[in-house]
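All chains, please: the whole structure from these sequences, using the hints.
There are 2 protein chains.
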Amino acid sequence: MSFSCERRDKPFRTSSRTSLSLTMWSVKSTVRAGRFACRQISVEAGNVVFGRSGKQFHPMWLRERCVGPASVQQETLQAFRQPHDFPADLGIVSAQVSPLSDSGVAPRTLTVGFTDGHVSVFDADALNNEADDFAACGIQQSDIKCPDVFMWDKSTGSDVPRLSYLDVASGQPEVLLKLTTHLLRYGHVIVEGVPSRDGEVAAFARVVSGYPSVRPTNWGPVFNVRSYPDAALKDLSYTAEKLSPHVDNPYRNPNPGFQFLHVLENECASGESLAVDGFMAAEQLRLESPAFFKTLCQTDVRWENDGGDRSTALIHFAPMLEVDKSTGKLTQIRYSPKSGGYCPALSMEEADTFFQARRRFAELLHAESNTVRFQMVKGDLWIFNNLRLLHGRGEFNPNEGFRHLQGSYVDADAVTSAFFRAKYALKASSDSDSDA
Amino acid sequence: MSFSCERRDKPFRTSSRTSLSLTMWSVKSTVRAGRFACRQISVEAGNVVFGRSGKQFHPMWLRERCVGPASVQQETLQAFRQPHDFPADLGIVSAQVSPLSDSGVAPRTLTVGFTDGHVSVFDADALNNEADDFAACGIQQSDIKCPDVFMWDKSTGSDVPRLSYLDVASGQPEVLLKLTTHLLRYGHVIVEGVPSRDGEVAAFARVVSGYPSVRPTNWGPVFNVRSYPDAALKDLSYTAEKLSPHVDNPYRNPNPGFQFLHVLENECASGESLAVDGFMAAEQLRLESPAFFKTLCQTDVRWENDGGDRSTALIHFAPMLEVDKSTGKLTQIRYSPKSGGYCPALSMEEADTFFQARRRFAELLHAESNTVRFQMVKGDLWIFNNLRLLHGRGEFNPNEGFRHLQGSYVDADAVTSAFFRAKYALKASSDSDSDA
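These protein sequence lines are chains V and S, in that order.
Here UniProt numbering is used: the first sequence runs in plain steps of one and ends on residue 436.
Here UniProt numbering is used: the second sequence runs in plain steps of one and ends on residue 436.
If you are wondering where the hints come from, they were derived from the structure by calculation, not from laboratory data.
Heads up, the list lumps identical chains together, so a pair's fine if it works in one copy or across two of them.
Within a straight-line C-alpha distance of at most 20 Å, the following computed EDC-like cross-link-like pairs (lysine to aspartate or glutamate) qualify: (1) LYS378 to ASP198; (2) LYS378 to ASP167; (3) LYS55 to GLU349; (4) LYS55 to GLU350; (5) LYS325 to GLU350; (6) LYS325 to GLU349; (7) LYS325 to ASP300; (8) LYS329 to ASP300; (9) LYS294 to ASP324; (10) LYS294 to GLU322; (11) LYS55 to ASP352; (12) LYS325 to ASP132; (13) LYS154 to GLU283; (14) LYS427 to ASP309; (15) LYS55 to GLU44; (16) LYS178 to ASP148; (17) LYS294 to GLU283; (18) LYS242 to GLU75; (19) LYS325 to ASP352; (20) LYS234 to ASP309; (21) LYS55 to ASP300.
Written as C-alpha cells, this is what we have:
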C-alpha cells in the first residue's frame, strides 16, 4: 500500500501578484446586474465576487490581499494596518473584471471598490490560485508550494534517496533543491562520503539550512551515539541495545525538526539502522479506525525527560498525531515510549479508546511491512524529518569494533526555507538567462 | 479586571514515587468484595480502583506508571516496553491498599496484580496527585509543577518585575529561580545594569537557559534594532516608526519562545516600550464571545516572511490562539499583521465570524486598559515570553540621538528547564542541610 498526496488542481502559476491601490476614490458601482466574467472570476448582482471554483470571496478576504502602496510596504509587502483599522462592516461598492474578454494581453485584473473608499486592483489568477490552494500560493512571496509528500512502506521506500557529499558541499542551488526536495517529499536522504571529522555534522547542517548555528540541545550543538553515556548524560540510546523505532526528543518544546546523523566510525556488522514513515502508519490507522486516529490527535499526553543527569525536567504536553486544521493532512508524529507520552486520567471509556489506539499505532509502527532497513557505513550522513520519520537500530556488539555516530538538529523551517532559497535562486538565474 | 489561574487542589507533595515490581508472581485476588480504603484510594468489588477524587483508574493507566525494575531503567525511569507489548485486554486480578489504616508510618501503597502476571506497587499519593493535576506531577521527575500564571492588564501589571544584573550573573539558584518564576508567572522581567557589550545578550541568554547556544535566526545569533536595516535585511521594525503590539516571528516554524532584548544605547526620550499580556486579552475575548475565541483557535492562518531580502520564504500555518487540549488553558498567542496571518478562503459565514473575531481581538490587544508602558534605558535587558506577550514601541526621533537594541531568542523550554534546574538544586541543597 502506498499513499501519495497529489494535488488535483492545476499547475502552480508563478506570475507575480500585481496590484494598484487608489485610496479615497469616489467609486460608483459599475456592475448593476448580470454576470461579467474575467476568465475564472465572476461578479454577480450586488457586487458579489466568485472565484473560479465557485467560492464567494469575502470583502475582508479580498482586502487583506491588497498589495497596493497604501496597504503594504512595497519592498517587503508587509501590511501597514491593524485588523481593527478596517470598518467592521466593510463591504464592496463596485467590482469589475478586466479585460472582459480573453482577447487582451494585459494581466487579467479584478478591480474592487470598498465601502471605506479604498480601491484595490487584484491579479485574478493569484486570487484564484490562493483560494484553491492556500498552502501553495502566498502574498509576501507568491510561490510557496512545497513538494508533494510521498508516503512509503517497505515495498515502496526501500531505496533511500542518496546524494554525494561533494555535490552537496558545492552549495549549487540545483543540488540543494534536490536534497531539500527529497527531505520534504520522502522525509529523508543519505549523503555519502562526508568527511569523518568531529563536529562535521553541525558544519554540514549549517551549510544545508543556511542558518548560522544548529538547534541547541542539552548535549551541546552535537550529540554522540556510542555504546556508553554522552558526557555523563544517560539515555537508553547511549548503550549497545536495540532501539525500537522512535522520534527524538518529543519532550522538548518545541520538538527538534530535522536530524542530521553522521557515521564517524562503524566497525560493527550488527546494529543495522531502520526507518519507518510515521505518516504512512498514521494514515493506515486513520483508514482502519477514524476513532483511533482522532483520540491520538486530541489527547495531549505528557512527554518527559530528566535532562540525562536528573538535574532538570523537560516536559511537553502534546498529542501523538497532529494534522493541519484546514486540510487534515498530517504535520507531526510523536512516538517514543522511553520519553513517556503518559496519558492523563481520562474517563474509563476515553481511556479504553486511547490505550487501544496507541497500542494499534505501535503495532503499525513496528510492522515489518512498514520498516525499511539499511546499514550505515562510515561517511554516511542520514538526514531525516524527526516530526515524521521514526528511526531505530538493531542491537550491536561493541566487541566487533568501534561505532560512533554524531548527531545534530535543525528546526523544521530550516529545510523549507533552504528549499525556497534554492528554488528562487534557480528561477532568478533562469529568468536572467531568458532576458539575455 | 485580572485573571489568575490558581489551582484548587491540595499543595503539591514532593515525596518521590516508590514502586516495586515483581513479575510472574502467582497472584490471587486478595480483595473479594467490599471497599478497602488507603486514605484516599479505594478498591471496590471486582478489583476496581478509584482515586481520591472518585476517578476510576484504568488498568493500563496504572501500568504505565509502574517504575519497578522490570518496567523502567532505574536510573532514568525510561520505559523498556512498547505499548503493543502489553495485552490488549490487560486487566487487574488483585488490588490491595496498605497500610489499611492511617496508623502506619510506611508510605501508603497500592499493590496491583495484572492479568499478565505482573505485580506493581505504587505510591498512592503520587497516583492521586497526578490524577488530580496532570500538569504538576510527573513520572521521570515527580515535581514538574510550574508557577501559576498571573494574567495582568494596565492596572495590575504596571510594575514590571525587575532584577539586577549582578545578582543574576552570580548564577545562584535562588536568583535564577526568581527570574524564571517571574517569566513563567508574569511573562516578563527586566534585568537592570547589563553591560553594554556587543553580543552580551546572547551570552546572558546562554547563562539563563543553560543551553550552549541561542536559537538561530536568519539574522544570526543576535539581531539589531536600530532606525535602519539590520545587515541589509528589511523589516518594519528596523525603522524609527511606531510598532503596534505584536509577537515576533510567527512565520517561523517553530516560533521562537522567549526573547531577550538588550538596550546597548538609548539617547532618545521618545520610543517608549509597551507590553500587552496576550493571554489576558484572549481571556477577555473568550468571556465576551466563546464563538470568537473558538474560531481564532481553530483556523490555521498563514504567517509569512520573505527572509528580509526576498531570498526565501518563511511560512507557517498556525492559529492565532492555542490552548491545552485537556485544560483549555492558553498556551500561545500569534498576532502580527506585518507577518500576515492570512485567512484561508472560508465559507462566507465562517469568514464573517473569523474576521469579526480577529478585529475584536485586535481591539482588545490595543486597548489602553491592557497596555503597560515603560521607558527602557541603557543597560536594561527585557526578557519576555514571545508566545504570550506582545511588545511594541512608540515612534522615536532618530535625531535625538542613537538608539540601539540587540535581541536574541531561546526556546520555550529553555526557561522551564532552567526553572526546574534551579528548583531541584535548591531542594537538593536544603535536603543535604537537613541531613547534616
